[in-house]
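Asks: These protein sequence lines map, in sequence, to chains A and B. Per the working numbering, residue 34 is the first one in the first sequence, and the count goes up by one each step. Per the working numbering, residue 10 is the first one in the second sequence, and the count goes up by one each step.
Do not rely on the hints blindly, as some may be mistaken.
[As the list claims (entries may be wrong)] Restraint ranges, calculated between C-beta atoms of paired labels, are given here:
1. ARG496(B) with LYS891(A): 54 to 64 Å
2. SER557(A) with LYS387(B): 41 to 51 Å
3. LYS399(B) with LEU594(A): 53 to 63 Å
Calculated from the structure, these hints are not laboratory results. Using N, Cα and C, we set each Cβ at its ideal position, and we do this for glycine too.
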Amino acid sequence: MAAHLKKRVYEEFSRVVQITHEEAPAKKLRLSKPSKSAALHIDLCKATNSTDALQYLLHFARKPVEVESVEGVVRILLEHYYKETDNSVRLKIASLLGLLSKTQGFSPDCIVDDAINTLNNEKSHQVLAQLLDTLLVIGTQLPESPTVRLRLIQMACKHLSDTYFGVRNKCLKLLGCLGTVDAPLTKDNEGADVRDVQTIISDYFGDQDPRVRTAALKAMVGHRHHLMYVCLQACRLLTDDYEQVRSAAVQMVWVLSQLYPESIVPIPSSNEEIRLVDDAFGKISHMVSDGSWMVRVQAAKTLGSMLQVSPHFLEQTLDKKLMSDLRRKRTAHERAKELFTSGEFSSGRKWADDAPKEKLDRNTVYLIASGACGAFVHGLEDEMFEVRIAAVDALSKLARSSPSFAEKCLDFLVDMFNDEIEEVRLQSIHVLREISTHITLREDQLDTVLAVLEDSSRDIREALHELICYTNVSTKECVQLALLELLKNLNKYPTDRNSVWKCLKFLGSRHPTLVLPLVPELLSTHPYFDTPEPDMDDPAYIAVLVLVFNAAKSCPTMPALFSDHTFRHYAYLRDSLSHLVPPLRLPGNGLDLVDSRCSSGSVESAQLFLQQSLNRVSTIQNLEAPGAQELLNFTIRDLQRLGELQMELAGAADFCATYLRCQLLLMKALQEKLWNMAVPLCLKQNVTATAAAQQILEETYKLEFLYGGLESRQVATIHHVRLQAKALQLVLTARTRLFLAELPHLQDSFVDTLLELMPRLSSCKPVEMVKILQTTLRQSGLLQLRLPEQIHRATATIIEPTGESDNPLRFTTGLVVALDIDATLEHVQDPQNTVKVQVLYPDGQSHVIHPKPGDFRKPAPDRHRLITQVYLSHTAWTEPSQIEVRLLLAYSSSSTTSLSAPKLGWSDSVDGLQSPEAAVEGTIPFSKPVKVYIMPKPARR
Amino acid sequence: MIHKLTLQDHATQPHTVRGAGQDVGRSCILVSIGGKNIMLDCGMHMGYNDDRRFPDFSYITQNGRLTEFLDCVIISHFHLDHCGALPFMSEMVGYDGPIYMTHPTKAICPILLEDFRKITVDKKGETNFFTSQMIKDCMKKVVPLNLHQTVQVDDELEIKAYYAGHVLGAAMVHIKVGSESVVYTGDYNMTPDRHLGAAWIDKCRPDLLISESTYATTIRDSKRCRERDFLKKVHESIERGGKVLIPVFALGRAQELCILLETFWERMNLKAPIYFSTGLTEKANHYYKLFITWTNQKIRKTFVQRNMFEFKHIKAFDRSYADNPGPMVVFATPGMLHAGQSLQIFKKWAGNEKNMVIMPGYCVQGTIGHKILNGQRKLEMEGRSTLDVKLQVEYMSFSAHADAKGIMQLIRMAEPRNMLLVHGEAVKMEFLKGKIEQEFSIDCHMPANGETVAVTTNPSVPVDISLNLLKREMALGGPLPDPKKPRTMHGTLIMKENSLKLVSSEQALKELGLNEHQLRFTCRVQLQDPHSDSDTLHRIYTHLKSVLKGYTIQHLPDGTVMVESIVIKVSSCAEDANTKVLLLSWSYQDEDLGSFLSTLLKKGLPSGLC
């Protein structure tokens, strides 16, 4: 063995040497490393004691190993393994073997024998456990080799009786991962001892060590194919002393219930039977009041995924008082039910209602046996907010699948609006929104929901507005109540204006018939008297109008109730807040405001218009054609206006306009007279051209990174424009006098080398090359832009600070002040990495702040909310002044290309392998700057 | 009320019941466990003004100090019905041993005792009551406990405290002597509230669980509903411009309600002032701020930013504020509207229907609180004046005791072998007792005052086993461990100097210096068999071979058959050659196999053998 090894090592050495020799004359550089295995072998031979060896191994593990040398390394490791007496070194080697077998492209079947061999001779329990782990890795790497699998399983069975828990753990894990039902261990097990993997694993449910019990349960969970009787054992483990076992048992019961939901299981204490999924549901519900919160979280989560459970079981989870056992109800024991209602427990809500009334029949009330009772009631008032959140989530999942349950859990969710932790409150509002399609709120429920509108947290209020957008209410009083509360909200928190309006828009369009009887009151019209015209600038009045107009859209009789000024206000609002006020078909009056641009086909027609403009532009073949510039100018203007009018196409229109602007700039830069001038004279004009080139470059980056939904075709087009801009830059640089004059004298300059390397250009002189570039650039036509389906422009709006405050933010110099930033981001991918906040001080200093990932929330798809604090500090000023805050979108040109950068090997290597290639890093401002008044005061001494 | 409990080993006598009347009043329980006497809580009854308010300590010893009799005293929390008689017991009756309580209890308890002393002595002018100095002396005997810390009282007795919710610093105690143990819950709460978490205990499987049962027949609604109702009522009243009076006791619920209102005010951005009557509360709030670790998850996690007990909206109350116009919320003591500030404010505000009074807890019969809750709208005040009650009266139970379901949950957590209910009304306890017995099938007791309950325990006796023996037995057994199934093993039990040891018999012999004696059984079996001796022997051999698979059976040349170590010989009977006499001989160790063989051979040989 050793001889063979050495030979191998030398072979590898010599091969490496040969390669270097061979390549030497070609003067091409290729890095070649000495073989890993060789180095390792030498290191290990050098090691005098086990500590050294361990150090070498640890060092070795940090670097990746190439596929072709894996086997050699494995051999050397094994060789050393046999010689080694120290446990820790053997342990490390065993773990290395596992890591190595994971190497891509390496098939570990050649080391199975060795690994098993070592396993048989090993004495140390820890090393044994590690070796089994390694075997597991090998086994998973060789999924289609039944013989290896069988051997491994046999090894595992053999070591199951080990006294050390770790070894038993690993064996069970191995069995769980590799054992299959269709390969029972019958073939060559001696005697009649026919036992399949499941039986073996389930034997360990009763192991004395909780860790082994956990492992056994987990192994069984991995084993989707089950045996019915396992269920009973798993149920027994639900009451285990150790939380990890209970947790695994919950998982196990869940798996069983998902696999065989409809099987019928007997109830131990009676002779009746229920569905397995119901039984499991009851058992898991029971675990919601477990002693360990980890188990409670898991149980609550699990409940959410058991959608097949019968409705009466489900409804019991919300019922705490009715301690009925369902079995009796099913057998129609109505008398028993009556007994509950008469001898019910006191609720503690009314004074002295807990005076004992009559003795109950012992058999009728079970306090905890029917576990499903009140599981969610418990979960929702749990001590740990993690459990509460899990319970709320589970409620939402179950409610979405069962409308009747949704109805029932409403009250409980509404109660959660009052939780002490904001996260829970927010979550429950979101959940209520999700299930609100199923429910219609009663007046009292609406009342409690609306009470939350006064919450001082903006998140909560906005979530609630969102909720009201989707809620159905039953009576006109409800609508009125909602309107009143929203107006109150508007009054208290004027910043909520937009959100409240939007909310009323949906409220109106959902309940036109309920709004109708309210209209005279809302608009304060009177049949005989003229009422004063309300103030058009009052947000509350606008809110009422939004409600009414949206209701009027599907209620044609409503406009008859409007007074004259209402129509005028409609016209005004239709124009100023077109996204909130729908087009109405108003009768006569000369105010037929149904405009064609907003008819149903408007989007298509706008699309058509967009396409036509692009086609028109593409007719410009030559950039110098007369009128081309004007055509471009007009088209850009058209497109911009189109973007403003048609929200759906804003992204696409903006994109096209920007693209065309680039073309226009290029065109201007290449103007005839500028280039015909003699070089020395055109210095001044060069300045504008340079600026244009610079601007085009910036615009192209915007085009590429600010818009989402681009296809590779468009990206290529953008790159093309950028190339043109770069060429322009090159030409401009070349045209400076200094460069031209001195260029021929520079020996071995970059240009020379460049020319040498470019075969087609190699014949010409530098000056000629510049000329070639110049002419091609000028003759280049306009590349036609093809639009992708969806283009979205990334936008950001800073909501807070508003920039309207006249009170400067005062703070002491040298200290910091925190400025709250609240912004909405639309269509930004991966905002955690790209969005930054820039602060510009009046002296030109600027800071870029990277917000924490936790500061981003995602209220809706394609929308993010950034709520963060930036810290400001500056030296003392004599008087307050304004700073500018804006959001930047960071980009890096390499990010798109190297997205699929391959992960290296198996090690945690951090050697500088991904050298930063010429990545263009930069930022694009994408929000309007907001001015904040600040005043750093000198520190008082 | 003194409950005396005795834990006895293997005691079989029935429980004797003396006296009657379980009530909510003072808690004082004596436990004798494994020869140790422990007093659990030392409370007083608030309803009496004479000797009956303190427990009857003469029950323990007629005259003389308690120190000789008691090993330790444990106080679960600072409510006076659990600790009010402590200075009386330790200083006036006389007790010098250790008193255990948690840190917050130790901090707050003397404040309450002092306040109580002031009221009784200074205001009511009673004599023969403990003095301030006595309270101080008493507190010097206190040993503080930490949660989950096991404290060794003496060599055998150890106690461990668990979190109990209820009030700040409330604890449940696990008391252990040898293998016997008792858990005393004090008052506890299984549902978390705004400032405290839920009670928790590990699966310690005590022999006896002593639980309070104040709400034995109640299953409370979800706490959130009640909170929401409360807040809504307060909010509405404030919006109407009304004043809200909340009579509370200084500690416990008051803090919870404060936090509730404070956060609500914060969330809803309300401006109406909230006042808290001063005095005791300020001192107590100070301790609430300090013992953050004893509060709930939210307060513990956020106190770095802001300690929730540093109220922003709640200010100290001054008598003159009651006449201020505009809405306000006032917390005033005492809680049952029977005297003091709360009554004064109530009188002022009762006439206006915009105002509201919210009773957050239990009211004793005879107090104004009780009257108005029962709907009385005209109250007679002293001096024949009557008071029209026009303001709204609301009842909001915010009691921090475990309800029936909570008690059951605790039982499920701790898995006790016996159950004892105290601190509740007899009728209600009876109901719960039935439930517990039915649900968990464990014994449940509910002793009356002064009654002694004896609880039978089943102590496990620890025995040392020699490692060699254990390993040998392991090797003999099957490959799979099964802790659920008991296994028999051979060994010798040696009792020496108070310790038990299980060793292998060889070692036992060696240790005791005895010789080993062989014990052999021999037995004759008559058999009808016409064949010759040797043939018979061979037939026996083949027969056994077919029956006993897996045993070594040898046919030896000297005319015997050996089955393991059992020897079988055949000889003919002198009279009848057909009657063969089989001689079996086996040693004591092979008793099982030997007796099996003898019965097998008595049945005779099957005829089909050759």
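Asks: Which of the listed hints are broken here?
Replies: 3
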